[in-house]
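Below, each chain spelled out in residue letters.
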Amino acid sequence: MTVTVFIPRDAASLALGAEKVATAVAGETAARGLDVKIVRNGSRGMLWLEPLVEVRTDHGRVAYGPVKARDVPGLFDAGFLSGSDHPLCLGLTKEIPFLRQQTRLTFSRCGVTDPLSLDDYRHYQGLKGLEKAIAMLPAEIVQEVTDSGLRGRGGAGFPTGIKWKTVMEAAASQKYIVCNADEGDSATFADRMIMEGDPFVLIEGMAIAGIATGATKGYIYTRSEYPHAIATMGEAITIARKAGILGPSVLGSVHAFDLEIRSGAGAYVCGEETSLLNSLEGKRGIVRAKPPLPALQGFLGRPTVVNNVISLASIPVIMHRGAAFYRDFGMGRSRGTIPIQIAGNVKYGGLFETAFGLSLGEIVDHIGGGTATGRPVKAVQVGGPLGAYFPRALFDTPFDYEAFAARNGLIGHAGITVFDDTADLMKQARFAMEFCAIESCGKCTPCRIGSARGVETVDRIAKGIEPEKNKALLADLCNTMKFGSLCALGGFTPYPVMSAMTHFPEDFAPTPLIEAAE
Amino acid sequence: MTMRISADEIALRSRDIIHDLKPLEGPMLPILHALQAEFGYLPDAVKPIIADELNLSRAEVHGVVTFYPDFRDHPGGRHVLKICRAEACQSMGGDDLADRVRSLLGIDFHQTTPDDAVTLEPVYCLGLCACAPAAMLDGAVYGRVDEHCLSEIVAELRQ
Chain A
1 MTVTVFIPRD AASLALGAEK VATAVAGETA ARGLDVKIVR NGSRGMLWLE PLVEVRTDHG
61 RVAYGPVKAR DVPGLFDAGF LSGSDHPLCL GLTKEIPFLR QQTRLTFSRC GVTDPLSLDD
121 YRHYQGLKGL EKAIAMLPAE IVQEVTDSGL RGRGGAGFPT GIKWKTVMEA AASQKYIVCN
181 ADEGDSATFA DRMIMEGDPF VLIEGMAIAG IATGATKGYI YTRSEYPHAI ATMGEAITIA
241 RKAGILGPSV LGSVHAFDLE IRSGAGAYVC GEETSLLNSL EGKRGIVRAK PPLPALQGFL
301 GRPTVVNNVI SLASIPVIMH RGAAFYRDFG MGRSRGTIPI QIAGNVKYGG LFETAFGLSL
361 GEIVDHIGGG TATGRPVKAV QVGGPLGAYF PRALFDTPFD YEAFAARNGL IGHAGITVFD
421 DTADLMKQAR FAMEFCAIES CGKCTPCRIG SARGVETVDR IAKGIEPEKN KALLADLCNT
481 MKFGSLCALG GFTPYPVMSA MTHFPEDFAP TPLIEAAE
Chain B
519 MTMRISADEI ALRSRDIIHD LKPLEGPMLP ILHALQAEFG YLPDAVKPII ADELNLSRAE
579 VHGVVTFYPD FRDHPGGRHV LKICRAEACQ SMGGDDLADR VRSLLGIDFH QTTPDDAVTL
639 EPVYCLGLCA CAPAAMLDGA VYGRVDEHCL SEIVAELRQ
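Those protein sequence lines, which keep their order, are chains A and B.
Going left to right, the first sequence walks through residues 1 to 518 as this note's numbering numbers them.
Going left to right, the second sequence walks through residues 519 to 677 as this note's numbering numbers them.
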């Protein structure tokens, strides 16, 4: 009987040696004359266990990890093909606490299936949402999405249904669905994991968006730093087109929808939707002033839905299970689930999909298990390079758009970077300004000039030059950037800077360097 | 082996690539990526050709090319090593790793070793943030880069 072994093809698993493991498993299989089928699945999102190798048994899938190529012969000797015990054995995959505690709606298939197998996709409820959408009127689909409470998962948190409604009601001969897959925030990798681990769900979500709004063409704009995601997504599009999921008649319906993937070229600011649209049009990735809204004048001046990968990938389950099912998860105005990415200096790093509302402390200490170095957690940055640094004192903050905003932070794309007590928050504040200076598109002065002046001002504080005066100046500069910048790059860079100054004042008062000591 | 490509050759090959991609909506970035894949960089000579084919000014093309960090105006090394400099990697010793790589290769970021073996580039996030620090060598990714992993990468570079 053929035994199925799962070895991830996710970029993070590959970065930890999954390819060598797959080669070793294939080699041992051949040498021992065994009947084994290797499936290259996505990642389950438990990065401290990658490469995570799974074997399908009568009792369910049994996990082994982290597996190195040199462990492979020993695994075969121990009889891992029948799920036998071994020092690396983790038991049944679904019983691993990190997975068991999750509510996987958007990521239900990620790590479970062969990302490029449509049979797998259908077997695990794929295309159910699209089939349902085809039988509905566009306005009904939009209403369903509105009722689900889904808000933009890219970070802005704008209600997805409202955006769709605007595009649906706009009259135009051509409308577009643009998927923002320009996931540049440090600590985030949810978009990448979906594109590499379950690309059909994004295609399905975009097709539903197209039917709902009357858009017949879609683009996925992703990063050149994600070659694996680009390759997998591209293959999935080809397969979907052949299967009639994309094309002139989506699943045999009257609706046409097709899709292309486009690669950015290393500019962080292109994750901002108007800059992304300019880049997609082939221009410099300069931010546009709003209005006009992209929903009315977006790609090539036509009505365009710009949604994040996770927003679009959450649509199929919402359509399939219904708005009420999705809305019942979460708290306050943050409905449904959010894939939290726990990263940086953390013991159990990875992707944890759960309903909104867990406290930051639960996420970092209990789920993440504290730091990888074993030292105390000093700070966590939530929401990428434009997110605030939170001290332990604020670990009771629930994971919710409004709760984070109330504490001068943001959840952004739900990435959390953990830092231990060796971190220097003044250095991090300087980096935030430096990053803004490097990545600024240059259109507005507060961002372009403010960030450069910000770096200089932090440097003066570090050197002990009039520290109090310069701290006041830095705060004033942050205020100008926050309210005077055109987009979130200049507008949100003050979050990490101000939070570092506010919560970690001791780091901004170093012993003044005594110059010319010798 | 150094290959000098004549201006005529560049023009011929560029026009072929541009003709293939021109029908796309917003063809500029796909064209620039394809040309860089073809030549290893974007020779100055391609700019007027793109301008002509897409009915743009040379200044507009130059503006686009210089906006994006990916596009280089001169050939890089045989390998390109990218080291992530973003926060998640910083939290796991990314700055020390960057210093170590710089001293091992004897070059700074944006530079190429004198033997043309490797160009060192910073990158702001490879999406490998839960297995930091991370690096990418010619499209192959590395996570939890430690001294052992680094020696593997350097061995790869020497080949």
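Everything labelled a hint here was simulated from the structure, so no lab data went into it.
Values in this document were obtained by computation on a predicted structure and should not be read as measured data.
Incorrect hints may appear among the rest.
Computed footprint of chain B on chain A, listed as stretches where at least three residues anywhere in the stretch have a Cβ under 8 angstroms from a Cβ of chain B [what the hints assert, rightly or not]:
id, stretch
1, 147-153
2, 200-208
List of simulated lysine-lysine pairs, DSS-like, C-alpha gap at most 27 angstroms [claimed, not checked]:
id, chain 1, residue 1, chain 2, residue 2
3, B, K540, A, K217
4, A, K283, A, K242
5, A, K68, A, K347
6, B, K540, A, K37
7, A, K283, A, K68
8, A, K463, A, K482
9, A, K132, B, K540
Residues of chain B clear of chain A, computed beta-carbon distances all greater than 12 angstroms [as the list claims (entries may be wrong)]:
id, residue
10, D526
11, G611
12, T631
13, Q677
Note that CB positions come from ideal geometry on N, CA and C, so glycine has one too.
Hint-by-hint comparison with the structure:
Taking a C-beta to C-beta cut-off of 8 angstroms, the stretch 147-153 of chain A contributes 0 residues in contact with chain B, too few for the three needed, and the coverage statement is violated. Only residues whose C-beta sits within less than 8 angstroms of a C-beta in chain B count toward coverage, and the stretch 200-208 of chain A has 0 of them, not enough to reach three; the restraint is violated. This hinted pair checks out: K540(B) and K217(A) have alpha carbons roughly 17 angstroms apart, not beyond 27 angstroms. Proximity of K283(A) to K242(A) is assessed by CA-CA distance (about 32 angstroms); at most 27 angstroms being required, the pair is judged violated.
At most 27 angstroms may separate the alpha-carbon atoms for a hinted pair to count; K68(A) and K347(A) meet this at roughly 19 angstroms. The straight-line distance between the Cα atoms of K540(B) and K37(A) is roughly 43 angstroms, outside the 27 angstroms bound, and the hint therefore fails. This hinted pair does not check out: K283(A) and K68(A) have alpha carbons roughly 45 angstroms apart, beyond 27 angstroms. Distance hint between K463(A) and K482(A) is fulfilled; the C-alpha atoms sit about 26 angstroms from each other, no more than 27 angstroms.
Of the pairs offered as hints, the one joining K132(A) and K540(B) is violated, with about 37 angstroms between alpha carbons and a cut-off of 27 angstroms exceeded. Here D526(B) stays apart from chain A, with its beta-carbon at least about 26 angstroms from theirs, past the 12 angstroms limit. Look at G611(B): its CB is around 9 angstroms from the nearest CB on chain A, not clear of 12 angstroms, so calling it non-interface is violated. Under the 12 angstroms C-beta cut-off, the non-interface status given to T631(B) relative to chain A holds; the minimum distance is some 21 angstroms.
Remark: the non-interface label on Q677(B) is consistent with the geometry, its nearest Cβ contact in chain A lying 17 angstroms away (cut-off 12 angstroms).
The structure shown violates the earlier hints numbered 1, 2, 4, 6, 7, 9, 11.
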